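Colleague: One letter stands for each residue in the lines below.
2 protein chains.
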Amino acid sequence: MLRTHTCGELNISNLGQTVTLCGWVQKSRDLGGTTFIDVRDRYGLTQILVNTDSSADIREQARNLGREFVIKVTGTVLERTSKNLKIPTGEIEISVSEIEILNGSKIPPFMIEDETDGGEELRAKYRYLDLRRNPIRNNLVMRHKLAQEVRRYLSDLDFIEVETPVLIKSTPEGARDFVVPSRMNPGEFYALPQSPQTFKQLLMVSGFDRYFQIVKCFRDEDLRADRQPEFTQIDCEMSFITQEDILNVFEGMTRHLFNHVKGITLESFPRMEYADAMRLYGSDKPDLRFGMEFVEMNDLVKGKNFGVFDNAELVVAINAKGCAEYTRKQIDELTEWLKRPQIGATGLIYARHNADGTIKSSVDKFYDEAALAEWSKALNTEPGDMILVLAGAKDKVRKQMNELRLEIGGRLGLRDKNKFAPLWVVDFPLLEWDEETERYHAMHHPFTSPKPEDIALLDSNPGAVRANAYDLVINGTEIGGGSIRIHDKKLQSLMFKHLGFSPEEAQKQFGFLMDAFEFGAPPHGGIAFGFDRLSSIFAGLDSIRDVIAFPKNNSGRDVMIDSPSTIAEAQMNELKIKTTA
Amino acid sequence: MLRTHTCGELNISNLGQTVTLCGWVQKSRDLGGTTFIDVRDRYGLTQILVNTDSSADIREQARNLGREFVIKVTGTVLERTSKNLKIPTGEIEISVSEIEILNGSKIPPFMIEDETDGGEELRAKYRYLDLRRNPIRNNLVMRHKLAQEVRRYLSDLDFIEVETPVLIKSTPEGARDFVVPSRMNPGEFYALPQSPQTFKQLLMVSGFDRYFQIVKCFRDEDLRADRQPEFTQIDCEMSFITQEDILNVFEGMTRHLFNHVKGITLESFPRMEYADAMRLYGSDKPDLRFGMEFVEMNDLVKGKNFGVFDNAELVVAINAKGCAEYTRKQIDELTEWLKRPQIGATGLIYARHNADGTIKSSVDKFYDEAALAEWSKALNTEPGDMILVLAGAKDKVRKQMNELRLEIGGRLGLRDKNKFAPLWVVDFPLLEWDEETERYHAMHHPFTSPKPEDIALLDSNPGAVRANAYDLVINGTEIGGGSIRIHDKKLQSLMFKHLGFSPEEAQKQFGFLMDAFEFGAPPHGGIAFGFDRLSSIFAGLDSIRDVIAFPKNNSGRDVMIDSPSTIAEAQMNELKIKTTA
Chain A
455 MLRTHTCGEL NISNLGQTVT LCGWVQKSRD LGGTTFIDVR DRYGLTQILV NTDSSADIRE
515 QARNLGREFV IKVTGTVLER TSKNLKIPTG EIEISVSEIE ILNGSKIPPF MIEDETDGGE
575 ELRAKYRYLD LRRNPIRNNL VMRHKLAQEV RRYLSDLDFI EVETPVLIKS TPEGARDFVV
635 PSRMNPGEFY ALPQSPQTFK QLLMVSGFDR YFQIVKCFRD EDLRADRQPE FTQIDCEMSF
695 ITQEDILNVF EGMTRHLFNH VKGITLESFP RMEYADAMRL YGSDKPDLRF GMEFVEMNDL
755 VKGKNFGVFD NAELVVAINA KGCAEYTRKQ IDELTEWLKR PQIGATGLIY ARHNADGTIK
815 SSVDKFYDEA ALAEWSKALN TEPGDMILVL AGAKDKVRKQ MNELRLEIGG RLGLRDKNKF
875 APLWVVDFPL LEWDEETERY HAMHHPFTSP KPEDIALLDS NPGAVRANAY DLVINGTEIG
935 GGSIRIHDKK LQSLMFKHLG FSPEEAQKQF GFLMDAFEFG APPHGGIAFG FDRLSSIFAG
995 LDSIRDVIAF PKNNSGRDVM IDSPSTIAEA QMNELKIKTT A
Chain B
455 MLRTHTCGEL NISNLGQTVT LCGWVQKSRD LGGTTFIDVR DRYGLTQILV NTDSSADIRE
515 QARNLGREFV IKVTGTVLER TSKNLKIPTG EIEISVSEIE ILNGSKIPPF MIEDETDGGE
575 ELRAKYRYLD LRRNPIRNNL VMRHKLAQEV RRYLSDLDFI EVETPVLIKS TPEGARDFVV
635 PSRMNPGEFY ALPQSPQTFK QLLMVSGFDR YFQIVKCFRD EDLRADRQPE FTQIDCEMSF
695 ITQEDILNVF EGMTRHLFNH VKGITLESFP RMEYADAMRL YGSDKPDLRF GMEFVEMNDL
755 VKGKNFGVFD NAELVVAINA KGCAEYTRKQ IDELTEWLKR PQIGATGLIY ARHNADGTIK
815 SSVDKFYDEA ALAEWSKALN TEPGDMILVL AGAKDKVRKQ MNELRLEIGG RLGLRDKNKF
875 APLWVVDFPL LEWDEETERY HAMHHPFTSP KPEDIALLDS NPGAVRANAY DLVINGTEIG
935 GGSIRIHDKK LQSLMFKHLG FSPEEAQKQF GFLMDAFEFG APPHGGIAFG FDRLSSIFAG
995 LDSIRDVIAF PKNNSGRDVM IDSPSTIAEA QMNELKIKTT A
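Taken in order, these protein sequences are the chains called A and B.
Note that my numbering has the first sequence beginning at 455, numbered continuously upward.
Note that my numbering has the second sequence beginning at 455, numbered continuously upward.
If you are wondering where the hints come from, they were derived from the structure by calculation, not from laboratory data.
A quick note: this is a predicted structure, and the numbers were derived from the prediction, not measured.
Some hints here could point you the wrong way.
Note: identical chains are not told apart, hence a pair may lie in one copy or across any two.
Claimed, not checked - Think about it this way: if two alpha-carbon atoms lie no more than 25 Å apart in a straight line, the pair counts; the simulated DSS-like pairs of lysine-lysine are: (1) 599 - 670; (2) 850 - 793; (3) 848 - 831.
I would like the entire structure built from these sequences, with the hints used as guidance.
Modeller: Shown next, in the form of structure tokens:
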């Protein structure tokens, strides 16, 4: 090693030792006769002292060190006169006997500090410099710890990690595949996996019993704010289990991670049926860091000649605690916010529970004091609270109210990044109607098993069939989802039929899996966690971008390496493809 | 869980307990009144007993169980009358009170046993059944342990695992890339990484200090017997180190793996310069499980009017211990084997050191007793040994002699799969001449640093420049290779120039890396291990195929899922590509 110690480990116990450190010049302060240099590496920061005791050569060298120069310094550990107790090395400094410049540096395009002055584009282009900043490096160190703990927890439970192939077969179901032309098989293509779903099921058929893999997956989707074309899953599968076993094992894993990576002990996770989640929170991933449950008001408000309510399929309200002081202007702003096309509400009705105990609503014309008292009772308001009401078609108004609840929760400071509210959502519908294609799609994927007692409904009322499917939600974000799978060829064929596959299509796409089911497939099920998302929650970030070392932008570009890019004509000829762009 | 125990854990301490097991019917023997069923899962095999104590229903069910049926049995643990001490569960059996068939099975196309009757193609098509066989499953369990131990060892040394992108940029240097058309950037392509080389170097520039990743890599090569288009590397990089540090850390890792996964303690690894490896073994990856070093004979044999030797650049011999008894026929066969185009020798000369002490050669006409005594001395032969001599152009004859040495070593049983002979080969040449393109190529890759004392030779004698490059070889197989990298823009530009890049090409392909070198790149270096190959050595296999769950065949096909395959016209239109096949 070029160094004897890192920049993060020397302290008062090393006084008098001769040491050699390597690192980057964070800062250099020239105070006339004395120069202080902060040298930084991954492990910390150490102060270097060059003063009149140093040779003229060294003093000259020290004066010429620029920011981000890479240096190697040898010297003696001294006690500082002015200590900095905020950092572990803050009680000592190194009195230098030798400085070597290992590499120079141009002036970086932005400050390499916890709070940088670099814009997003500049930081993306110079990602290798952005990664030098402590917050981002710390995220990636934390991500490494998470992965290590996942592997430790699962290995201790007899799970084995098996690598499944990356070059697989394109399947039209689900999102768009990335494809890879095969040179050796002209005219044919591999696809990159959207998940190792079929392979992990085959591993269960093979008797692997307990499988996991931390694995890259790929989806060629139009990228919304926080999606990446390549992302990482913790992919898991077990045999001879019930849904209860899966929930227990992976609740255990999640608690293990919080305990060992963040030092947080979580209580056992509550469970909620999908139908209740939609009714109480208007979302299949409710943020349970705060209450503010929906209260359905149909029984209370209908029949009072207020057309908006009378004509609505659903009238639903929340209690915005302590918001009675909202000004007219604030309420107008909130109303405008709700009316934006992204949310699409038609209006907002409110009732203030004033400090003096009176209740005033925006619909006083239709609801008298007694009626509003009933509202207050239903919503359990106290003086100072505000009732916010939306009305409309059930599914739409629930989604709108979900947005409003989250917004108010945020404004009230109820969405604390250091608080963690996990939740299992269970009993998802098996199928979901797609307006565009006018047919049912699998809500999870075509391998999810229906609840046995609901199978009869597949023909009569497909939308009402519940699946053995579950999601793990933390703080309003889905971090994992899975199901008990079908392990029977007949039932799998029936599912494909209901999803609009002809028997030939089903055989062509998934024949290998259905064939496998005929050779002794065990009952099995599993779950997959979004590892990027999980890491971002652990890091307290809204975006996954800074828990990924080299993310792509919203056009799927890596602006640092300038990819994707054109390729040579000869390369395309070898692959027997042409671009028509 | 559907079971209370696995099929591998019950023993005499469980007598009398009521247990439930799940697994596959390995075998069923109906002995009239009594039926024995062997139930198998990943953990072992347990014997189930159905006899006249069982209900008629159960006896009927038991008789109808086919091979590979998946069953759940409940019963009582009894001591066996006839014990099988070869398996952990061999002292007990389960007297059944309940059998449930969880799934049936068609008759498998080959025997699910340690030695199967299935041919390679059939086993590939039904890979999920082949994976049920113990030897293959054990390989994958071992591979999992290896990966866990790699991660544990490196994490304990402050390495962090960072995921680098899979969708990157195509570079013409090196092997062929697999490419991925970008829908969002029409006419442009991503490439799949042949290794994360440039990204790990950027992580060093970012100050990550110690990085590793167990990662899939991709090469679109014509597949020789034992290559896969996708393969797995243990990819590692360190900053502020010398070559010595890398060798020590990764020798440590390899010894850790042997110790923790195979229970074998290895001595410290010998090191050999590339030039010596070529001279003594004719290979940069010598198999050191046995000696049989080359002896160069030019000084001994030239000038005796034997044209074959006089005209040869190199005459080289080995001592085939104890092979003096080879018959004329055996020697003829060996000669034919050497003359095959794959090896290309022109002939074989030999000298027997007979039991009576005399030495008889195939070239007695030119070499008298005294001359042959000198051969014997040079090769340190004893009565019973055979000297085998090849002559020709130096590089070619060394390669031929390498093949002959390995063949004789194999015949003599010196290549024992349970013996492990590791070796560091160091001081590789930086460049290697390519006959086809008539220019120098980087022997490792363009980022490898030359030895500082050899840089001056880059212009005058490029082939003589040595690199700071090293390979780890075990039993004649390269399992890892790496180098100290260039971390200076000027030197990197010089390398690209010598590799035939114009400054514009270098900038277009690797500008991001050279730019990064200008912002404080630390000295760094690393290594990458072939994880499939390492696993196969640990498993004692010649092929990597059975340490990979779902391998592809020599045409790059997965015959189980039938991939690659054609894709829909619409899919190609969206991607703005056409096939010209």
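Colleague: Determine for every hint whether it applies to the structure shown.
Modeller: So, going through the hints one by one against the coordinates:
Taking CA atoms no more than 25 Å apart as the test, residue 599 paired with residue 670 passes in both settings, with 18 Å inside one copy and 21 Å between copies. Taking the shortest Cα distances, residue 850 and residue 793 sit within 25 Å of each other inside one copy (13 Å), while across copies they are farther apart (80 Å). Proximity of residue 848 to residue 831 under the C-alpha cut-off of 25 Å is restricted to the intra-copy arrangement: shortest distance 23 Å within a copy versus 98 Å between copies.
The structure is consistent with each of the numbered hints, conforming to all of them.
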